[in-house]
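**Student:** Model the full assembly from the supplied sequences, consistent with the hints where possible.
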Amino acid sequence: MAASATSRNDEEELNGETESEVSSIYQCGSVISTVPDRHGFLGGSQYSPERKQAIPPDVILRRERKWIQMLNNWNLFMTTNYRKVRERCRKGIPPSVRLRAWLNLCGGQLLMNENPNMYEELIKLPGDPKYVEDIKKDLHRQFPHHEMFVENAPGQQELFQVLKAYSIVNSKVGYCQAQAPIAAFLLMHMPAVQAFWCLVAICDKYLSGYYSQGMETLLRDGDILFALLKRVSPVAYKHLKKQKMEPILYMTEWFLCVYTRTLPWESILRVWDMFLCEGVKVIFKVGLVLLKGSLGRSSLAKRCPTTYETLQVLRNPPQHIMEEEALIYQIQRLNLSEEDFEYEHQRQILKRKAAEKETANRTD
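Numbering (UniProt numbering), first residue to last: 1 to 364.
No wet-lab data here; the hints were simulated from the structure. Hints may be right or wrong, so weigh each one.
[Stated by the list, open to error] Restricting the straight-line Cα-Cα distance to at most 20 Å, the calculated cross-link-like pairs of lysine to aspartate or glutamate (DMTMM-like) are: (1) Lys205 - Glu342; (2) Lys230 - Glu342; (3) Lys353 - Glu342; (4) Lys242 - Glu309; (5) Lys230 - Glu338; (6) Lys91 - Glu309; (7) Lys205 - Glu338; (8) Lys136 - Glu147.
**Tutor:** So this is what it looks like as structure tokens:
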């Protein structure tokens with residue numbers, strides 16, 4: 001037996017195979033692992049076979065206990081000690097309580113409690129044929145290298161039901177392609193009914209107006225982002241202004257998909273921990289960090305002499321600025337207050353109203 005095992009090992013070495021390589025297959029020009037990583041990915045850009053440096057078990061246990069205590073007294077903490085909730089979200093929510101925390105943070109739990117059995121009733125309805133057809137076309141595009149969403153996996157059917165249910169419950173918005181990666185991301189962390197109610201809360205409260213026709217809210221927020229960039233990184237601001245690049249060209253996917261198509265997985269989780277606690281300003285802060293990290297020095301801006309190079313960089317930001325710890329550190333370093341966001345928000349509203357009035361006067 002020993003001799004045969006040795007010869008088998010020798011044969012594998014001669015064939016250039018290692019134990020880790022045996023667990024992968026070559027498919028469609030990419031290496032696809034037969035063993036998912038810790039997040040369920042079998043390949044693609046999000047696949048990460050190496051485990052990052054783990055937080056000491058005693059620290060994890062201590063954080064879990066604090067979160068459980070907080071979740072068991074949720075209303076009290078949110079009304080009397082929101083700062084503590086925010087602080088703990090910024091440190092990162094322990095994976096074991098993330099489902100429960102996200103549900104409470106976004107208000108999905110409350111919606112679910114107020115509407116028992118509603119999701120089950122919605123998925124029985126046929127839905128608008130136009131939206132149903134659009135949803136079906138998009139299913140295979142959502143994280144195709146994740147074990148939940150590979151071809152014919154049960155996750156695709158759950159994703160279809162969640163998106164169809166939302167298109168029914170909010171028929172004014174219906175279905176927008178950018179909702180699909182958000183719904184898929186939620187399904188990776190919770191059962192379908194919870195994912196549905198989180199999606200409702202996110203689309204109707206956090207991203208209200210983003211998915212409506214005309215995208216006026218998104219256009220306005222793009223202008224807010226650009227105005228804030230002038231304070232955060234004058235170099236990046238001047239570069240984009242010189243190239244006359246509209247924010248909608250580079251920030252649409254960031255904002256509409258809440259970075260689920262942009263950042264490394266660990267970074268997405270940390271960003272969402274903060275986003276569901278603090279709201280849409282977190283999306284702005286991440287965007288500002290990416291813009292500054294990509295174009296915030298003269299040497300970086302010079303590498304992008306045309307809009308083509310600039311767009312390429314912004315659609316694929318440097319990996320080192322997107323890594324979890326570096327990204328979170330830079331987000332928290334940004335010197336922007338609630339008042340800064342509110343001031344710029346009101347300024348852009350007035351600016352747009354003035355532009356509309358001027359256009360109307362010209363027409364008359």
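**Student:** Holds or violated: Lys205 with Glu342, Cα cutoff 20 Å?
**Tutor:** It holds: about 17 Å lies between the C-alpha atoms, which stays within 20 Å.
**Student:** Does Lys230 pair with Glu338 here, judged by a C-alpha cut-off of 20 Å?
**Tutor:** Distance ~17 Å between Lys230 and Glu338 Cα, so the pair holds.
**Student:** Is the Cα-Cα distance between Lys353 and Glu342 20 Å or less?
**Tutor:** At roughly 17 Å apart (the allowed maximum being 20 Å), Glu342 and Lys353 satisfy the hint.
**Student:** Do the alpha carbons of Lys205 and Glu338 lie within 20 Å of each other, as the hint requires?
**Tutor:** Status holds; Cα separation ~18 Å.
**Student:** Take a quick look at whether Lys242 and Glu309 sit within 20 Å of each other, Cα to Cα.
**Tutor:** 14 Å, holds
**Student:** Please verify whether Lys91 and Glu309 have alpha carbons no more than 20 Å apart.
**Tutor:** 35 Å, violated
**Student:** With a cut-off of 20 Å on the C-alpha distance, tell me whether Lys230 and Glu342 pass.
**Tutor:** Given that 20 Å is the threshold and the Cα spacing comes to 16 Å, the pair holds.
**Student:** Taken at face value, is the distance from the CA of Glu147 to the CA of Lys136 at most 20 Å?
**Tutor:** Given that 20 Å is the threshold and the Cα spacing comes to 19 Å, the pair holds.
The structure fails to meet hint 6 from the earlier list, while all remaining hints are met.
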